[in-house]
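From first to last, the protein sequence lines are chains W and D.
For the first sequence, position 297 (counting from the first letter as 1) is numbered 296 according to numbering that gives the first Met the number 0, and the numbering increases by one without interruption.
For the second sequence, position 17 (counting from the first letter as 1) is numbered 16 according to numbering that gives the first Met the number 0, and the numbering increases by one without interruption.
Hints are computed from structural coordinates only; laboratory data are not their basis.
Mixed in with the good hints there might be a few duds.
Claimed, not checked - Only pairs whose alpha carbons sit at most 30 Å apart, straight line, appear in this in silico DSSO-like list of lysine-lysine:
| no. | chain 1 | residue 1 | chain 2 | residue 2 |
| --- | --- | --- | --- | --- |
| 1 | W | Lys289 | D | Lys54 |
| 2 | D | Lys198 | W | Lys79 |
| 3 | D | Lys54 | W | Lys343 |
| 4 | W | Lys273 | D | Lys126 |
| 5 | D | Lys176 | W | Lys267 |
| 6 | D | Lys198 | W | Lys341 |
| 7 | D | Lys81 | W | Lys4 |
| 8 | W | Lys375 | D | Lys176 |
| 9 | D | Lys198 | W | Lys267 |
| 10 | W | Lys4 | D | Lys124 |
| 11 | D | Lys239 | W | Lys341 |
| 12 | W | Lys363 | D | Lys126 |
| 13 | D | Lys48 | W | Lys79 |
| 14 | W | Lys341 | D | Lys176 |
| 15 | W | Lys341 | D | Lys28 |
| 16 | W | Lys289 | D | Lys198 |
| 17 | W | Lys267 | D | Lys54 |
| 18 | D | Lys81 | W | Lys267 |
| 19 | W | Lys273 | D | Lys48 |
| 20 | W | Lys343 | D | Lys81 |
| 21 | W | Lys4 | D | Lys48 |
In this text the structure is predicted, and so the values were computed from the model without any measurement.
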Amino acid sequence: MDILKFLTAGSVDDGKSTLIGRLLYDSESILADQLEALQASNRKNDDGTIDLAILTDGLKAEREQGITIDVAYKYFQTDKRKFIIADTPGHIQYTRNMVTGASTADLAIILVDARNGVVEQTIRHSFLVSLLELPHVVVCLNKMDMVNYDEDVYEKIKADYKDMAKKLNLHEITFIPVSALKGDNIVNKSENMPWYDGKSLLDHLETVEVTEDETSDHARMPVQWVVRPQTEELPDYRGYSGRVLSGAFRVNDPITVLPSGFSSSITKIEMFDKEPHAAVKGMSVTLHLKDNIDISRGDMLVNSNYQPHISQLIESDLCWMDTRALDTSVPYLVQQNSKVTKCKIQEILYKVNINTLEQVDADKFQLNDIGRIIIKTAEPLAFDLFQENNANGGAILIDSRTNLTVGALMFRANAE
Amino acid sequence: MTKQYMDYLDQLEAEAIYILREVAGQFEKPALLFSGGKDSITLVRLAEKAFRPGKFPFPLVHIDTGHNFPETITFRDQLVEKIGEKLIVGYVQDSIDEGKVVEQTGKNASRNALQTVTLLDTILKNKFDACIGGARRDEEKARAKERIFSIRDEFGQWDPKRQRPELWNIFNGKIQKGENVRVFPISNWTELDVWNYIKRENIDLPSVYFSHEREVIIRNNQLMAAAECLNMDEEDTIYKKKVRFRTVGDMSCTAAIESDAYLLDDIIEEIRTSKISERGARLDDKVSEAAMEDRKKGGYF
């Protein structure tokens with residue numbers, strides 16, 4: 000069994016929380032006492048049925064306002080997969096929270112109200128999903144019950160969406176007509192839409208292929224921690240611990256330490272009581288090298304034959320996440336995995352109007368603004384382009400005055 | 000996602016180890032909050048996997064309400080000795096004696112709320128800047144919204160509206176003096192995942208998790224261990240039942256369930272088919288719909 004992480008984007012009016020509630024409810028992932036609390040709550044649908052949205056709105060303010068503010072993580076499991084849902088807010092003022100939820104997801108469910116079709120919000124959510132390079136998109140046309148389960152409505156919205164998506168770099172799009180409220184095509188195929196020959200949403204989530212080339216030679220591992228017990232039994236033990244970001248390391252592979260450029264080779268891979276021959280993407284391991292070289296936290300180990308970019312000048316997408324606007328005159332910190340160094344935003348190239356996808360000139364970045372910049376770093380970063388290897392192509396900006404995470408960076412080109 | 004080489008438990012384990020190493024790398028004085036429950040015992044195993052053959056870069060810290068199951072305390076001391084790591088205990092009794100908190104009275108009295116004060120004191124006294132905890136997002140609605148690195152202010156408070164964005168697997172642990180970070184490496188695990196991991200790794204647990212015969216009383220429709228700290232009186236009838244505890248907090252707020260499950264496989268099967276979620280056996284959450292959110296804002300785990 001494996002794990003599928005997906006996010007749901009849409010506003011409360013699209014029935015997003017209801018859709019998640021329906022997935023949990025119909026897949027019998029809601030337990031008795033949660034159901035009891037649900038029934039005891041005085042929020043009901045107009046027809047008196049349980050309001051499934053309450054299951055996901057976790058904060059008082061969210062229940063009061065009937066909106067989702069922050070990402071809520073939900074878990075359920077079927078015989079085929081374990082699922083982690085990031086339930087993210089749809090409102091434009093919470094764009095940064097949606098970006099947070101999307102950053103760790105493999106798949107996005109974008110909700111479209113069948114009565115309204117493709118609206119500004121649909122474009123915005125789709126743009127964010129393409130910005131973060133999510134491999135799979137599912138467009139759920141919700142509230143089909145409100146349009147008499149009409150196939151023409153479905154076909155029209157599908158065509159509109161495909162037209163809009165031409166401007167975006169979406170990798171794979173699947174359309175599913177549903178009614179979260181009534182349960183059509185969520186877990187079971189709906190009898191109300193015999194014209195739809197695709198899978199139900201859950202069926203799709205259970206079977207969608209989430210494959211990545213985990214054995215590629217583009218092996219990257221940021222060093223998190225150096226293990227040096229210096230005990231009588233282990234006077235010379237020196238292991239470099241970290242999680243493989245991408246590719247595979249094998250014993251005897253040639254290794255380069257970045258940014259210093261020293262090279263060596265792997266003598267041993269350790270995982271507590273095991274010594275596997277290879278360490279692949281996702282594994283937390285400890286590597287041993289042939290030579291005693293100076294390596295510490297923040298350095299990156301890579302396969303010498305397949306090296307990333309090394310640069311202090313990078314063209315990058317930026318999503319600004321702080322209420323205080325970007326100030327190009329002050330230095331920020333950039334954190335790329337375990338590496339932290341000072342940086343400046345050297346140039347703002349453009350901003351994107353995320354409702355129309357137009358590029359506009361800009362000299363300012365405010366909360367939730369997204370666009371393209373050039374960043375200059377105090378020390379060189381070892382990175383891949385986000386579109387080629389997003390595990391080693393993303394970074395965050397930290398404001399050293401407040402320590403807050405103020406921006407998400409997606410490296411797009413080496414600008415040196 | 001690495002399906003070919005890693006199953007879902009491998010993925011969860013690798014993520015937790017990564018988070019523990021980030022704590023070690025980013026903080027000066029971290030600590031691992033150890034309650035003697037299955038989640039913190041799992042954290043200890045994950046810490047072994049993250050740092051052996053080196054020592055843990057943090058001590059274990061136990062906030063002892065004085066109302067713990069005696070089996071848990073025995074287990075704790077044996078575990079600490081076996082792994083050869085440092086244990087720091089903060090006693091709620093000390094906070095009471097120092098007049099920092101006042102003990103509740105009556106039948107529903109619990110030291111659960113008081114331990115927040117002892118925890119914050121222990122953090123202050125030892126200058127801990129990060130506390131690793133075994134909380135999971137599947138336990139409760141407020142926890143479902145919490146980041147893996149959760150920043151607390153000088154008063155230990157969680158502000159759900161001012162959470163830092165947390166992107167990819169990049170954790171920003173930068174804090175001001177006085178603030179500290181709660182870190183939850185098993186955020187993405189469910190109760191069942193923890194049990195499956197315990198089974199796979201052959202991890203020892205305190206005996207109260209397994210079916211045993213015990214004297215119990217009924218309080219608020221729940222089975223509670225018949226212990227002195229429950230302020231029993233003549234109205235309380237003591238029954239002898241076969242029970243086990245699904246979550247092990249302090250005796251005043253942890254309810255037992257009737258169960259014959261005394262093997263891990265039985266427990267896993269029981270949970271799989273169970274109709275009561277785990278925190279349903281915790282009276283402390285039942286006070287109101289927002290009980291956990293309010294306690295977290297006040298500095299609770």
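Notebook entry, point to check: Hints broken by the structure, by number, lowest first?
Noted result: 3, 4, 5, 6, 7, 10, 11, 12, 16 and 20
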